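Undergrad: Okay, here's what each chain looks like letter by letter:
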Amino acid sequence: MSLFEAALRGVLLRGRTAAFALLPLAVAAVVLAVVFLTSVPGRYGAVGTVTAQLLVGLVVPVVALVLGTGAFGDERDGGTLPLLRGVARPRWHLVAAKLFAAWLSTWLVCLPASVACIVFAASVNQPLVPVVGGVLLATALAAGAYCGLFVLLSLLTRRALLAGLAYVVLWEGFLAGLSPGLRGLSVGSYARRVAELALPDDVQTGVVSTLSAPWAVVVLLAVVAGTWALSGVRLHRMDVTTG
Amino acid sequence: MSGATAVPGRTALDAAVEVRAASKWFGDTVALSDVSFALRPGVTGLLGHNGAGKSTVLSLLSGAARPSQGEVRVLGVDPHSDLAVHRRLGVVPDGEGTWAYLTARQNVALLAKQRGVADPRAAAGAALERVGLSHAADRRVGGFSKGMRQRVKLAQALAHDPEVLLLDEPLNGLDPVQRRADVELVRALGAEGRTVLVSSHVLGEVERMADEVLVVVNGRLVAEGEPAAIRDLMTDRPRTLRLAGRGVAALAGVLLGEGLVTAVRHDVAAGVRSDDEEALVVETPAAMALATRLPALARDCAATLRRVEAVGDDLESVFAHLTAAARGVGR
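Listed in order, the protein sequences are those of chains X and C. 1 is the number of the first residue of the first sequence in the UniProt record's numbering; add one for each residue after it. 1 is the number of the first residue of the second sequence in the UniProt record's numbering; add one for each residue after it.
In short, the hints are calculated from the structure, not lab data. Bear in mind that the values here come from a model prediction, so they are computed numbers and not experimental data. The reader is advised that the hints may include incorrect statements.
Just a few of them, taken from the derived set where beta-carbon distance is under 10 Å, the chain X residues facing chain C [to be verified]: (1) GLY10; (2) GLU75; (3) ASP77; (4) ARG85; (5) ARG89; (6) PRO90; (7) HIS93; (8) ALA96; (9) VAL129; (10) VAL132; (11) ASP202; (12) ARG234.
Backbone N, C-alpha and C define an ideal beta-carbon position, used for all residues, glycine too.
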């Protein structure tokens, strides 16, 4: 069994993961209900809000928060972090296993809501290929960047869940929208720029980066790479003593 | 071996593990202060009460933490920065230390693979058999008792056939039969030429496993030597004893006269069986001498002792004495 496989099992077999999987499922149910119960003009006004703000701006970061902070937080709480540290592998290998397991899990858990948003966007006469590509790419990149941040946070503080929640609610949800300068420091603004690939040009998508979609992709990948590297350094330097 | 009591002639020349003037602090809390020792192949016990610094010593040796000051070497390298040493080092950490959602075999094989074992599944099977857990190898650890999880941790530490083993309270949670088996296992590991450091807060356990003992009190190494020498240090010290039976008052007078006890008081808390029985608490500066002469003195003054027991003889008081003794030799 590889570290990645063990990490993936650790995330997916946790009760907390199953509980938080209900959030995207509930969102998917509501979105599909809207698709089948409203007319095209009615849906058109809501497609940006649902896809860019509800899915990319709320569902993905909340799920990433729970799964990302648990990556090393659960190891620390369960007393297995010293065991992980006691292997003859570079620390960035350990971080990679945890980060990519959290990333993949987040993307999979959010998939029902992503599929519902694809159906929603396609139902307002958007071409299917950009819709599928845009939604899946935006959720994947947002999941990766948020997981990277929250994995790093879990190595920096024992209160990572609380700190991460404050980040999602205060920074991503409020402060980042106050000025264009702050917007540049918001993961969500780049993810929403990518999500716009799936949406009509004239719909509201909330706080969005001023960069183009390709550059937004680069920034999000850079966040993943940067947090991965910093987490590796932090894991190497931190003490995991219990005595 | 700075300043510890009862130091035999161990040198660092053949040491697999060396700690030189190591200190560790967390904020304002000093967990370990100026500790030095060297370990040779065989079993060494690390004895200390809870919070004495045993886990901190093991954390430094396992590379889980770095010393704030001083130096730690395991098999000649710094275990924190040299990751390759973990192929030759096995650790049973304090706490849970197992993945509940994996089977015992998967728990052991996962770490064996990361430590460079060519066939981790076979190694896991062999290690689980050695700790007596092969019958439960393919069951999830989440359903295991504490004792079984403790054995999984031991198997994790053994699967890659390490030269150095660090075992943090490995007998915790085990029933008497399992304890006996694990004591034998630890002794066997030492006899195979491995360097084993095993921590405990129970002297009796350490005595049965170890050829040498390190005693840690409040983050300082206060005694070091063979278990018998440590036992003598702990036994021959001022103690408080309760004596109960017939004619005990007369016996106490004799003991005072002989200088074997320095204070006597009635023990009102002790239950006595009949009106002619009494209970006293005595303070003795020389417990060994008192133990040797008490039967004869009791016979001489026709006292019938029903009970002789130590009062407040917990490890804490033993360590307090050793701390004072250590200060007396210059610490």
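Undergrad: Indicate, hint by hint, whether the structure satisfies it.
TA: Hints versus structure:
1. GLY10: holds, 6 Å
2. GLU75: holds, 9 Å
3. ASP77: Hint on X:ASP77: holds, closest Cβ of chain C at ~9 Å, below 10 Å.
4. ARG85: holds, 5 Å
5. ARG89: Holds, about 5 Å.
6. PRO90: holds, 7 Å
7. HIS93: holds, 9 Å
8. ALA96: violated, 13 Å
9. VAL129: With a minimum Cβ separation of about 39 Å from chain C (threshold 10 Å), the hint on X:VAL129 is violated.
10. VAL132: This hint is violated: X:VAL132 lies away from chain C, its Cβ roughly 33 Å from the closest one there, beyond 10 Å.
11. ASP202: Where the cut-off is 10 Å and the nearest Cβ of chain C is about 48 Å from X:ASP202, the hint is violated.
12. ARG234: At about 14 Å, which exceeds the 10 Å cut-off, the nearest Cβ of chain C leaves the hint on X:ARG234 violated.
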